[in-house]
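*Asks:* Here's the letter readout for the chains.
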Amino acid sequence: MNKFKLDWLILPLIGVAIILGVWAVSSATWAKDLPSPLKTWESSKPYILEPFAKRGEMDQGILRFTWYSLVLVAQGYALALIIGTPIGFCLGLSKAFTKTFDPIIQILRPVSPLAWLPLGLVLFLGTGKEAGTYGALFTIAICAMWPTVLNTAVGVRAVPQDYLNVGRVLKLSRWKTLTKILIPATLPYMFTGFRLSLGIAWLVIVAAEMLTGRPGVGGFLWQEYNALIYEHIILSIIIIGLVGFVLDRLMSLLERRFRTA
Amino acid sequence: MPFLELSGVCKAFGGPEVLKDVNLSIERGEFVAIVGYSGSGKTTLISLIAGLQKPDAGTVKLNDLEITAPGPDRGVVFQNYSLLPWLTVTENIALAVEQVFPNHTPEKRAELVAKAIATVNLTPASEKLPRQLSGGMRQRVSVARALAMDPQILLLDEPLSALDALTRSTLQDEFERIWEADKKTVVLITNDVDEALLLADRIIPLTPGPGATLGESVAVTLARPRDRKALNHDPEFKRLRALVTNQLLGYGAKRKATVTKKLTLPDILPEDLDVPRTTRKRPLRPHEIKREEVAVSA
Numbered sequence: 005m006n007k008f009k010l011d012w013l014i015l016p017l018i019g020v021a022i023i024l025g026v027w028a029v030s031s032a033t034w035a036k037d038l039p040s041p042l043k044t045w046e047s048s049k050p051y052i053l054e055p056f057a058k059r060g061e062m063d064q065g066i067l068r069f070t071w072y073s074l075v076l077v078a079q080g081y082a083l084a085l086i087i088g089t090p091i092g093f094c095l096g097l098s099k100a101f102t103k104t105f106d107p108i109i110q111i112l113r114p115v116s117p118l119a120w121l122p123l124g125l126v127l128f129l130g131t132g133k134e135a136g137t138y139g140a141l142f143t144i145a146i147c148a149m150w151p152t153v154l155n156t157a158v159g160v161r162a163v164p165q166d167y168l169n170v171g172r173v174l175k176l177s178r179w180k181t182l183t184k185i186l187i188p189a190t191l192p193y194m195f196t197g198f199r200l201s202l203g204i205a206w207l208v209i210v211a212a213e214m215l216t217g218r219p220g221v222g223g224f225l226w227q228e229y230n231a232l233i234y235e236h237i238i239l240s241i242i243i244i245g246l247v248g249f250v251l252d253r254l255m256s257l258l259e260r261r262f263r264t265a
Numbered sequence: 051m052p053f054l055e056l057s058g059v060c061k062a063f064g065g066p067e068v069l070k071d072v073n074l075s076i077e078r079g080e081f082v083a084i085v086g087y088s089g090s091g092k093t094t095l096i097s098l099i100a101g102l103q104k105p106d107a108g109t110v111k112l113n114d115l116e117i118t119a120p121g122p123d124r125g126v127v128f129q130n131y132s133l134l135p136w137l138t139v140t141e142n143i144a145l146a147v148e149q150v151f152p153n154h155t156p157e158k159r160a161e162l163v164a165k166a167i168a169t170v171n172l173t174p175a176s177e178k179l180p181r182q183l184s185g186g187m188r189q190r191v192s193v194a195r196a197l198a199m200d201p202q203i204l205l206l207d208e209p210l211s212a213l214d215a216l217t218r219s220t221l222q223d224e225f226e227r228i229w230e231a232d233k234k235t236v237v238l239i240t241n242d243v244d245e246a247l248l249l250a251d252r253i254i255p256l257t258p259g260p261g262a263t264l265g266e267s268v269a270v271t272l273a274r275p276r277d278r279k280a281l282n283h284d285p286e287f288k289r290l291r292a293l294v295t296n297q298l299l300g301y302g303a304k305r306k307a308t309v310t311k312k313l314t315l316p317d318i319l320p321e322d323l324d325v326p327r328t329t330r331k332r333p334l335r336p337h338e339i340k341r342e343e344v345a346v347s348a
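In order, the protein sequences belong to chains A and B.
With the first sequence counted from 1, adding 4 to any position gets you this note's numbering.
With the second sequence counted from 1, adding 50 to any position gets you this note's numbering.
Derived by calculation from the structure, the hints in this document are not laboratory data.
Predicted model, so just to flag it, every value in this text is computed and none were measured.
Treat each hint with caution, since some may be false.
To be verified - Some but not every residue of chain A turned toward chain B, in silico, with C-beta under 8 Å: (1) Val75; (2) Arg172; (3) Leu174.
No residue lacks a Cβ here, since even glycine has one placed at the ideal position from N, Cα and C.
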């Protein structure tokens, strides 16, 4: 395709228009229950035009819901990084540690968030009302942790021997070797892991909110499904996608800043 | 008593011995160049002196103390610079200075760093990151870092072989100047005979590996300071150069002469493409190919 003025704007708009067309035609022909784009817009208006309104527990502006979800994701994600990064370092540094825990990690890694959530709820049953929140946090953390763990481990293993030799010649202490050589050398890998982890954390939020019924984008989606208001499901999907996209962009900007060498 | 002494040093990495029975003694203040083919174990030798690797047999002693671990008393300049890419020139050197002189005041340390950078003429680039520097400048930073540690001995592992010829000669002159200034003990590993002749008091050839060992050392009696241009016409320079080169070439010839092996060749003829395809013989299958042996001696 030749480059022309504003192609970066016009071409994506054409893409959106095509999808809208397919959607409109589908809702008019074979999928009678699917609300049309126009109907979706009409029905979503109060949520979009007053994004921060609070009309009731499960009837709030869409950005307010998004904010709730983001806060929960941020907490779970922070937990994932705090736990995942040191585990990654241990895996990268110690062969014995790797041999001990790698099989477990490989088994736990593919487990779906939907499977973790009930366990999370059970774990925090004792906390009473807050069990849902803690369970959700647990699920986000344990699902989002793995890319950080594995990328950090790969990064640590990939630290050039030359840098370590410098540390040895200078007789750096273990702590200094870690802070002056290992961590800076691993940062690019760590950030790749962080970015993938954030993507997963955002994926998990919907599942967690659906099952716990917390207010948030995912909870809203599930509630509107039960209330048979399908327009709002589509609204939620679009918002979840947009937020995920923005988060990924932000992380990749950060990642670029920390790329060394 | 020699300052640095290697006696009966052997080193293998699981396979054939890389270094075999290496004996070397260097006096304090001496500049020794070790010249050898690439792959002959030069870097292994430096790693042993630096303490980055342990010998399988024999001992490495500095000042009559056996070397068991790396330490800042032996400043190493690695072939690939080994600068930390996330630190600026100043920070790279400061890391070393902090480590070696923890009791100095911060001002005193900053002064040492600045002095080391000035020694290699890099003051204008002191706040740059290694990736913003050319190869020659990076190697100067590496030298400055080694000098700033004020080591007892300087180990230079092919410091210039990754540089272009022009930069290399500039840096050679700089090395000579720096060495003249404080007469440190230096072990220079190189594959360039001219470089060795320009800088060293003594040249020791390393025979090609595996099982490399040090040959007979050649004293370089040329007067200092040595001028590159004048040297080219100096008869003594020519004689020494021929001597060292011949010694190395001799090893090379010997290494080649020892290569005799039998090659197994498949006994097949090329397909005759002029014959029409239908009447052509079908191609041989792998198990039908006969083999014949040919002895080769180089």
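*Asks:* Failing hints, ascending?
*Replies:* Those not satisfied come down to hint 1.
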